[in-house]
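Residue numbers (our numbering): 1 to 241.
Hints listed in this document are in silico derivations from the structure and should not be mistaken for laboratory results. Glycine residues also receive a C-beta, built at the ideal position from the N, C-alpha and C atoms. A few of these clues could be false.
[To be verified] Cut-off 25 Å, straight-line C-alpha distance, at most; resulting in silico cross-link-like pairs (DSS-like, lysine-lysine):
(1) K205 to K56
(2) K205 to K186
(3) K121 to K205
[To be verified] Label pairs and their computed distance ranges (CB to CB):
(4) A202 to T126: 31 to 41 Å
(5) P75 to D48: 20 to 30 Å
(6) G199 to V58: 34 to 44 Å
(7) R110 to G73: 19 to 29 Å
(8) A47 to L232: 42 to 52 Å
(9) L2 to S42: 36 to 46 Å
(10) G199 to D76: 35 to 45 Å
(11) D230 to R45: 43 to 53 Å
(12) D230 to Q24: 40 to 50 Å
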Amino acid sequence: MLMYDDHRYYIWDDIERCRLRMLQSDETVEVEDFGTGSRRPSVRRIADVARTSLEKPVNAQLLFRWVHFLSGGRPDGLNIVELGTSLGITTAYLAAPSSGNRVLTFEGSRSLADCARRNWKSLGITNITCVEGNLDATLEDSLYNICARANNGSGGGIDFAFIDANHTREATLRYWRALSIYRHRKSVFVVDDIHRSPGMEAAWKEIAAQDCVSSTMDLFHMGVVFFDPDYLRRHYVLRYP
Numbered sequence: 001m002l003m004y005d006d007h008r009y010y011i012w013d014d015i016e017r018c019r020l021r022m023l024q025s026d027e028t029v030e031v032e033d034f035g036t037g038s039r040r041p042s043v044r045r046i047a048d049v050a051r052t053s054l055e056k057p058v059n060a061q062l063l064f065r066w067v068h069f070l071s072g073g074r075p076d077g078l079n080i081v082e083l084g085t086s087l088g089i090t091t092a093y094l095a096a097p098s099s100g101n102r103v104l105t106f107e108g109s110r111s112l113a114d115c116a117r118r119n120w121k122s123l124g125i126t127n128i129t130c131v132e133g134n135l136d137a138t139l140e141d142s143l144y145n146i147c148a149r150a151n152n153g154s155g156g157g158i159d160f161a162f163i164d165a166n167h168t169r170e171a172t173l174r175y176w177r178a179l180s181i182y183r184h185r186k187s188v189f190v191v192d193d194i195h196r197s198p199g200m201e202a203a204w205k206e207i208a209a210q211d212c213v214s215s216t217m218d219l220f221h222m223g224v225v226f227f228d229p230d231y232l233r234r235h236y237v238l239r240y241p
C-alpha cells in the first residue's frame, strides 16, 4: 500500500534542504491574509511562516507518493490544483513526480508567492503556475482556463487537488464546490486539517456525505476523497503515519 511505502526519493532531500533554509531565514515579508478578512499586510519572518504553515514532511511526502502513483501510465500528465501555496514546499512535492504534470497553485500573498517561485527555481522545478490574489476572486476563472480549456479545448478535469487555504467550514465548502465541477471518476481530492476545528470537522462530514463521493479516508491530519463508483462506498479511518 503506497501510504506505507518506505521508499525514499532523491528529490525529497533537496526539498527538505529548501525547507530548512526557510526555517533558518532571517528575512521578513509583508503577508496579506485574505482568510482573516483583513486587507492590511502584516510583517512576518519567513522562519515563522515556515514553522506554522508548511505541511509536515511525512504528509507532503504522502502527497508526492499519491501523485507519483497517479502519474504512472499518463504520458499526457496530470492536472493538479493546490489551494494555499505558502512558501511552495508542498507545491514542490506535488510537482516533482513528473515534469509532464501541470500544477496550478493559489496564494493570496504576493510576497509569499515570490518566495515560493525562488524555491522552485532553486529546485529546478518548472511545471508550476502560481496565481496570486484573493482566492475567491481568482479560483473559478483559473480553474476554467486550466481544466475546461485543457487539451486543445477538450477538457480533462482535475486529477489531483489539495485544499489547504482558508480553514473555515464556509470557505472549505466553497472551494470544494468550485473544484468538484471539474472532477472525474479517477480524481483524488485531499482536504487538509479536517480536525483542526469544529467547523473543519463539519465541512469534512458534509464533503464525505456528497452523492458524488464513493469513499473517503480520514488520516486525521488530512482527508482523502475518491469518486470512482466502482469503489465500495465506505469511509475509512486510518492511522497515518
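Going through the hints against the structure:
{"no.": "1", "hint": "K205 to K56", "verdict": "holds, 24 Å"}
{"no.": "2", "hint": "K205 to K186", "verdict": "holds, 21 Å"}
{"no.": "3", "hint": "K121 to K205", "verdict": "violated, 38 Å"}
{"no.": "4", "hint": "A202 to T126: 31 to 41 Å", "verdict": "holds, 39 Å"}
{"no.": "5", "hint": "P75 to D48: 20 to 30 Å", "verdict": "violated, 42 Å"}
{"no.": "6", "hint": "G199 to V58: 34 to 44 Å", "verdict": "violated, 25 Å"}
{"no.": "7", "hint": "R110 to G73: 19 to 29 Å", "verdict": "violated, 38 Å"}
{"no.": "8", "hint": "A47 to L232: 42 to 52 Å", "verdict": "holds, 45 Å"}
{"no.": "9", "hint": "L2 to S42: 36 to 46 Å", "verdict": "holds, 39 Å"}
{"no.": "10", "hint": "G199 to D76: 35 to 45 Å", "verdict": "holds, 38 Å"}
{"no.": "11", "hint": "D230 to R45: 43 to 53 Å", "verdict": "holds, 48 Å"}
{"no.": "12", "hint": "D230 to Q24: 40 to 50 Å", "verdict": "holds, 47 Å"}
Going down the numbered hints, you'll see the structure goes against 3, 5, 6 and 7, while the others check out.
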